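K.L.:
Here is how the chains run, residue by residue.
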Amino acid sequence: MPALPLDEAGKYVAGAYVVFLLLILVYVAIMAGRLSRLERELGELDDAVARRTPPSASSNGHDPAERVSAREGDR
Amino acid sequence: MLYGKRLRGLAVASALVLSVAFALAFFYAPLDADQGFVQKIFYLHVPMAIVCLGGFIFGGICAIGLLRTGDRKWDLRSYVAIHLSLILGVGVLLTGMIWAKASWGSWWVWEEPTLVAFLVAFLLYATYQPLRFSIEDPEKQARYAAVFAVVAGAFVPLNFLAVRLAESLVHPRVLTATGGTMPGAMRLTFIVAVVGMTGLFVTLWKYEMASKNATFRLRALRRRLGDDELPPARRSAAPAAPS
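Protein sequence lines correspond, in order, to chains A and H. Residues 1 to 75 (the numbering used here) make up the first sequence, in order. Residues 1001 to 1243 (the numbering used here) make up the second sequence, in order.
Rather than coming from a laboratory, the hints here were simulated on the basis of the structure. This structure is a prediction, so every number in the text was calculated from the model and none was measured. Incorrect hints may have been included.
[As the list claims (entries may be wrong)] Pairwise CB distance ranges, derived in the manner of DEER restraints:
1) A:Ala14 with H:Val1120: 25 to 33 Å
2) A:Ala32 with H:Arg1006: 15 to 23 Å
3) A:Leu6 with H:Arg1006: 38 to 46 Å
4) H:Arg1217 with A:Thr53: 38 to 46 Å
5) H:Val1120 with A:Glu44: 20 to 28 Å
6) A:Leu25 with H:Leu1123: 53 to 61 Å
[Said to hold, decoys possible] Sample of chain H residues lacking proximity to chain A, with all beta carbon distances greater than 12 Å (derived):
7) Leu1010
8) Ala1013
9) Ala1025
10) Leu1031
11) Arg1072
12) Leu1084
13) Trp1110
14) Arg1143
15) Val1150
16) Ala1162
17) Pro1183
18) Leu1188
19) Val1195
20) Tyr1207
21) Glu1208
Just so it is clear, CB atoms sit at the ideal spot from N, CA and C, and this is done for glycine as well.
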């Protein structure tokens, strides 16, 4: 089969590279969904720890919420 | 082991190398005398196929680690490698079909051993996840999946050796034992693309490993805290947390 002219070949080449890009994007989107679930679970765990921590500890910087915001502040 | 360590640097480096490879493919590598502009798909399709098959073999090597040591971290490594290779395999099939349509005028050529061999390998690995899902006991699941990964991993190079020995109809033999027929600029572009694609695979592998490990550690922490709201472990194809 003779080589396709540039305008026609371009569609196929673009299609192949777009397929690759879409594949990576879908993968990253799925992983992002998992990450947000992980974050939600971490938040629930944080709440569970906060419920167990005696109220006096929170004033000493042992409050998990304080710890999280302190960690976020470090970034 | 912290899989997320140096992940950002690796991701940036992989993205950079892959971008350079694609830039070289379009602005540096000469147009193919036979296929013209369509041949640019080569710099995406072939590195992806090589890394995909390499990933299957890597999954088999990790599975040997599980069978030798019994440590379930090897099961997770093998699972993630095969999972990613399957995703790349979808890309190889799709880009190959697009290239086939542009070059040969047909989406698929059943008489061509290279295409059919890859499809056979892909379909073989497509049974990996259902196999895992069908086994409930995590220990058994890991062991049986490891045996599968080792046998299938050995099948991949044998399969392609057989294809090499077979007579090709339309699929070109660009990479040969004597060095192939690619001019220098094309060869350089191709090598950069293989390096970039390998970097992408390693990055995504580490990314998924880090994500799975974080999930395992979080669940373990919840269990240690006696979290009553923790749902019971669901039946899954993915490996269970290493004990």
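K.L.:
Compare the structure with the hints numbered earlier in the document and write down the numbers of the violated ones, lowest to highest.
P.N.:
4, 5, 6, 9, 10, 12, 20 and 21
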